Amino acid sequence: MDKYELRAILMSGCLMAVFFSALLFNLYSRKIDVPECTPYTGIFKEPHVTQLDNNTYQAFVTAGMWAFAPTGMKFPKGSTVDFYLTSKDVVHGFLIEHKGVNLMAIPGTMNKVTVKFNEPGEYRIVCHEYCGAGHQNMMSTINVTE
Amino acid sequence: MKISKSLQRVLIVGLTMPVTLFILGAYNGVMQTLYRAGVINDSAVAGINYYQGLTMHGVINAIVLTTFFAVVFGHVVMVNYCKREPNKNLYTISMVFMVVGTLMDAVTMVTGKAQALYTFYAPLQASPYFYIGTSLLIVGSWLAYFSWLLMWKEFKKENPNEKMPVAVLGTLVNFTMWFMSSIPVAFETLVILTPWSFGWTKEINVPLTRMLFWMFGHPLVYFWLLPAYIAFYTILPKVAGGKLYSGNAARLAFLLFLILSTPVGVHHQFSEAALSPSTKLWVSILTYGVSIPSFMTAFTVGASLEFAGRKRGAKGYLDWLGHLPYFQRNNYLFGYFICGLILFIFGGLSGIVNASYSLNQMVHNTGWVPGHFHMTVAGPVVLVILGMSLYILSSVSGKPIKNKSLATIIPYLWGIGVAFLSHGLMAGGLMGEPRRSNLGLSYTNPESTLFNKYWLTSTTTTMFGGMIMGSAAIIFFYVFFSTLFSKQQFEPCIELPVLEELHNEKKVNLLNDIRPWAILSFVLVLSTYIPSLQTVLKYGKSVPNKFQFDNTQNLNDSSNLK
Numbered sequence: 001m002d003k004y005e006l007r008a009i010l011m012s013g014c015l016m017a018v019f020f021s022a023l024l025f026n027l028y029s030r031k032i033d034v035p036e037c038t039p040y041t042g043i044f045k046e047p048h049v050t051q052l053d054n055n056t057y058q059a060f061v062t063a064g065m066w067a068f069a070p071t072g073m074k075f076p077k078g079s080t081v082d083f084y085l086t087s088k089d090v091v092h093g094f095l096i097e098h099k100g101v102n103l104m105a106i107p108g109t110m111n112k113v114t115v116k117f118n119e120p121g122e123y124r125i126v127c128h129e130y131c132g133a134g135h136q137n138m139m140s141t142i143n144v145t146e
Numbered sequence: 147m148k149i150s151k152s153l154q155r156v157l158i159v160g161l162t163m164p165v166t167l168f169i170l171g172a173y174n175g176v177m178q179t180l181y182r183a184g185v186i187n188d189s190a191v192a193g194i195n196y197y198q199g200l201t202m203h204g205v206i207n208a209i210v211l212t213t214f215f216a217v218v219f220g221h222v223v224m225v226n227y228c229k230r231e232p233n234k235n236l237y238t239i240s241m242v243f244m245v246v247g248t249l250m251d252a253v254t255m256v257t258g259k260a261q262a263l264y265t266f267y268a269p270l271q272a273s274p275y276f277y278i279g280t281s282l283l284i285v286g287s288w289l290a291y292f293s294w295l296l297m298w299k300e301f302k303k304e305n306p307n308e309k310m311p312v313a314v315l316g317t318l319v320n321f322t323m324w325f326m327s328s329i330p331v332a333f334e335t336l337v338i339l340t341p342w343s344f345g346w347t348k349e350i351n352v353p354l355t356r357m358l359f360w361m362f363g364h365p366l367v368y369f370w371l372l373p374a375y376i377a378f379y380t381i382l383p384k385v386a387g388g389k390l391y392s393g394n395a396a397r398l399a400f401l402l403f404l405i406l407s408t409p410v411g412v413h414h415q416f417s418e419a420a421l422s423p424s425t426k427l428w429v430s431i432l433t434y435g436v437s438i439p440s441f442m443t444a445f446t447v448g449a450s451l452e453f454a455g456r457k458r459g460a461k462g463y464l465d466w467l468g469h470l471p472y473f474q475r476n477n478y479l480f481g482y483f484i485c486g487l488i489l490f491i492f493g494g495l496s497g498i499v500n501a502s503y504s505l506n507q508m509v510h511n512t513g514w515v516p517g518h519f520h521m522t523v524a525g526p527v528v529l530v531i532l533g534m535s536l537y538i539l540s541s542v543s544g545k546p547i548k549n550k551s552l553a554t555i556i557p558y559l560w561g562i563g564v565a566f567l568s569h570g571l572m573a574g575g576l577m578g579e580p581r582r583s584n585l586g587l588s589y590t591n592p593e594s595t596l597f598n599k600y601w602l603t604s605t606t607t608t609m610f611g612g613m614i615m616g617s618a619a620i621i622f623f624y625v626f627f628s629t630l631f632s633k634q635q636f637e638p639c640i641e642l643p644v645l646e647e648l649h650n651e652k653k654v655n656l657l658n659d660i661r662p663w664a665i666l667s668f669v670l671v672l673s674t675y676i677p678s679l680q681t682v683l684k685y686g687k688s689v690p691n692k693f694q695f696d697n698t699q700n701l702n703d704s705s706n707l708k
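Quick mapping for you: the protein sequence lines, in order, are chains P and U.
Position 100 of the first sequence, counting from 1, maps to 100 under the working numbering, and the rest follow consecutively.
Add 146 to the 1-based position in the second sequence for the working numbering, that's all there is to it.
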């Protein structure tokens, strides 16, 4: 291999190293991470929301063909919500628009993410994984009040 | 080199069968863009429902067309460089397996018994014959690989001091990787999915099936990409009128693909529980690593093209780009290669976004992802498949290509179509537009309560691109079949352009032996998949779920649900 070839390899290696440092910066300084392992405790009998204190909530969400439960979730502005997500039938997706929340709801596993809602408004949750004939209708909303 | 009648027959079947099915695959692709743009607000057209069409589009274009072409092109490369034919029994049985498997898949898909998409999607149930058919297709391709290993062994015994030709190395690397990575999916389909689909087993561990699928699913994308790389390294330089810049760099790139492509499958699962963040970060690093051989290819192929341009009289820094043989009837292959390469620049870069750990959260399962892979699989891969299919069909059947002018413009038209299609999909994806969704029934239907006007522009751009691609495909089918049904005019043969290397490099033994790299690959696979398997078994549970795509009733007893 000649010197230009080696330089090209070295430069592409450096470029990838820069990208990787950006990921590490986000991970450790800004706490932007991917979902972690959470033990599976079975399907929630009653999907529900519990309030832990003034502005901290836990939402236990099930995805099923073709709706999310519970419906009509409502949180005041500034709330921090832990979403626990599982599926009662097939594989579903869970994307909260404008929040960068992107989870898979897989039967037999429990997914978890923590979201802070700073802006009031209506946030749409879209199922983004093929789950059968009604997939395109599977949407829910979260209302964040003033 | 002249070829026997039986090999000729197998090669022509291997080209014609997938191209015929590709008519169905391409049709369903164009239809999807119409549904998604809200032009069609229906669940089915002409008896094919959206998700059935999506299954056909994925399975035919991404598994059937690519696997058949990899096998046919592999035969051509091996015969061309080893100057002998593969074992007749092996290549015949291999083609029979592939054809029978494909027919099983086609029947289950057309009759609507398999609407589980090409990633299988348990606990959605497809007909067991769909899983068995897919397995047969894969096992058939293994047999071709075994026949080439025998050929190469013989050739090496007779010519002990020769370097392994780049194209042979690429082909053997590709199928070694394919063989290793299709073991998990064979296990998934034959041991887990088929008995479950027949109803012999009740419970299914969904995260385990997903892990096994992606262990195969990512190497699959390299499996369809590497034949295109082989063409870029060993055919393009001659077609452009130059030489390959560096043979050893080409060899190193292929070997890096061998070690890095299988252990990175978990990067399709960043949004899932049951896999730990540390495994995901490790896989991000490995995926960044696998971008290096692609950067190397960009450099080597670019430098080879620059050399060709300068030989044609180019001066200055970028003038060589204008001195390449675009739009030349007698050099129609060049257009297929160059359009593929241009698309692949953007395909590769958007792939780095997908591989990027937390950044993946912005794009996972949105339109961005098909936007990305249409610039890889529908870019360089399909363009090389189309161009080389015409080339191989012509030389193997002894029939000159009909309508060479049409054959010359196909890639440019197709490339413009892909650019629009991918732009629309990616722009929509960044706004949260889901992939694999019949948007026309809800999100892009003004009468629906779910209507989202922001997705209209992006889906319309996509549709525009899809229609251009569809037109290019129609021209291709016309050229392909009019050539196939024309009269034979010369002696059938296998002849690839002769590869010359620009630098005379020493033979490096390590770059001419696949075995040590295969072992390293296996070690890296263990480094990813031992921890993955541990967490999947610890955090995931088997569930007694089995569903049909259009019914919310669990086919297994629902009272078992905990």
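Just so you know, the hints here were simulated from the structure itself, not pulled from any lab data.
Treat the hints loosely; a few may be bogus.
[Said to hold, decoys possible] Label pairs and their computed distance ranges (CB to CB):
hint: 1; chain 1: U; residue 1: I239; chain 2: P; residue 2: E46; range: 55 to 61 Å
hint: 2; chain 1: U; residue 1: I488; chain 2: P; residue 2: T145; range: 36 to 42 Å
hint: 3; chain 1: U; residue 1: E593; chain 2: P; residue 2: F20; range: 30 to 36 Å
hint: 4; chain 1: P; residue 1: A22; chain 2: U; residue 2: T603; range: 27 to 33 Å
hint: 5; chain 1: U; residue 1: F333; chain 2: P; residue 2: N54; range: 32 to 38 Å
hint: 6; chain 1: P; residue 1: P120; chain 2: U; residue 2: M577; range: 18 to 24 Å
hint: 7; chain 1: U; residue 1: F333; chain 2: P; residue 2: E119; range: 44 to 50 Å
hint: 8; chain 1: U; residue 1: R661; chain 2: P; residue 2: E46; range: 43 to 49 Å
hint: 9; chain 1: P; residue 1: K31; chain 2: U; residue 2: V669; range: 30 to 36 Å
[Said to hold, decoys possible] Straight-line C-alpha distance at most 30 Å; calculated BS3-like pairs for lysine-lysine:
hint: 10; chain 1: P; residue 1: K3; chain 2: U; residue 2: K148
hint: 11; chain 1: P; residue 1: K31; chain 2: U; residue 2: K457
hint: 12; chain 1: U; residue 1: K684; chain 2: P; residue 2: K3
hint: 13; chain 1: P; residue 1: K74; chain 2: P; residue 2: K99
hint: 14; chain 1: U; residue 1: K599; chain 2: U; residue 2: K259
hint: 15; chain 1: P; residue 1: K112; chain 2: U; residue 2: K234
hint: 16; chain 1: U; residue 1: K384; chain 2: U; residue 2: K259
hint: 17; chain 1: U; residue 1: K302; chain 2: U; residue 2: K687
hint: 18; chain 1: U; residue 1: K384; chain 2: U; residue 2: K302
hint: 19; chain 1: P; residue 1: K99; chain 2: U; residue 2: K348
hint: 20; chain 1: U; residue 1: K151; chain 2: U; residue 2: K259
hint: 21; chain 1: P; residue 1: K45; chain 2: U; residue 2: K457
hint: 22; chain 1: P; residue 1: K74; chain 2: U; residue 2: K599
hint: 23; chain 1: U; residue 1: K348; chain 2: P; residue 2: K3
hint: 24; chain 1: U; residue 1: K348; chain 2: P; residue 2: K116
hint: 25; chain 1: U; residue 1: K303; chain 2: U; residue 2: K652
hint: 26; chain 1: P; residue 1: K3; chain 2: U; residue 2: K457
hint: 27; chain 1: U; residue 1: K229; chain 2: U; residue 2: K348
hint: 28; chain 1: P; residue 1: K45; chain 2: U; residue 2: K684
hint: 29; chain 1: U; residue 1: K303; chain 2: U; residue 2: K389
hint: 30; chain 1: U; residue 1: K687; chain 2: P; residue 2: K45
hint: 31; chain 1: U; residue 1: K687; chain 2: P; residue 2: K77
hint: 32; chain 1: U; residue 1: K684; chain 2: P; residue 2: K31
hint: 33; chain 1: P; residue 1: K112; chain 2: U; residue 2: K687
Just so we're clear, the structure is a prediction, and the values are computed from it rather than from any experiment.
Ideal placement from N, C-alpha and C gives every residue a C-beta, glycine not left out.
Evaluated hints:
no. : hint                        : in the structure
1   : U/I239 - P/E46: 55 to 61 Å  : holds, 57 Å
2   : U/I488 - P/T145: 36 to 42 Å : violated, 50 Å
3   : U/E593 - P/F20: 30 to 36 Å  : violated, 47 Å
4   : P/A22 - U/T603: 27 to 33 Å  : holds, 30 Å
5   : U/F333 - P/N54: 32 to 38 Å  : violated, 51 Å
6   : P/P120 - U/M577: 18 to 24 Å : holds, 21 Å
7   : U/F333 - P/E119: 44 to 50 Å : holds, 47 Å
8   : U/R661 - P/E46: 43 to 49 Å  : violated, 58 Å
9   : P/K31 - U/V669: 30 to 36 Å  : holds, 33 Å
10  : P/K3 - U/K148               : violated, 41 Å
11  : P/K31 - U/K457              : violated, 54 Å
12  : U/K684 - P/K3               : violated, 49 Å
13  : P/K74 - P/K99               : holds, 16 Å
14  : U/K599 - U/K259             : violated, 34 Å
15  : P/K112 - U/K234             : violated, 55 Å
16  : U/K384 - U/K259             : violated, 47 Å
17  : U/K302 - U/K687             : violated, 50 Å
18  : U/K384 - U/K302             : holds, 26 Å
19  : P/K99 - U/K348              : violated, 38 Å
20  : U/K151 - U/K259             : violated, 38 Å
21  : P/K45 - U/K457              : violated, 73 Å
22  : P/K74 - U/K599              : holds, 25 Å
23  : U/K348 - P/K3               : violated, 60 Å
24  : U/K348 - P/K116             : violated, 40 Å
25  : U/K303 - U/K652             : holds, 21 Å
26  : P/K3 - U/K457               : holds, 22 Å
27  : U/K229 - U/K348             : violated, 52 Å
28  : P/K45 - U/K684              : holds, 22 Å
29  : U/K303 - U/K389             : holds, 29 Å
30  : U/K687 - P/K45              : holds, 17 Å
31  : U/K687 - P/K77              : violated, 36 Å
32  : U/K684 - P/K31              : holds, 26 Å
33  : P/K112 - U/K687             : holds, 16 Å
In summary, the numbered hints that this structure violates are 2, 3, 5, 8, 10, 11, 12, 14, 15, 16, 17, 19, 20, 21, 23, 24, 27 and 31.
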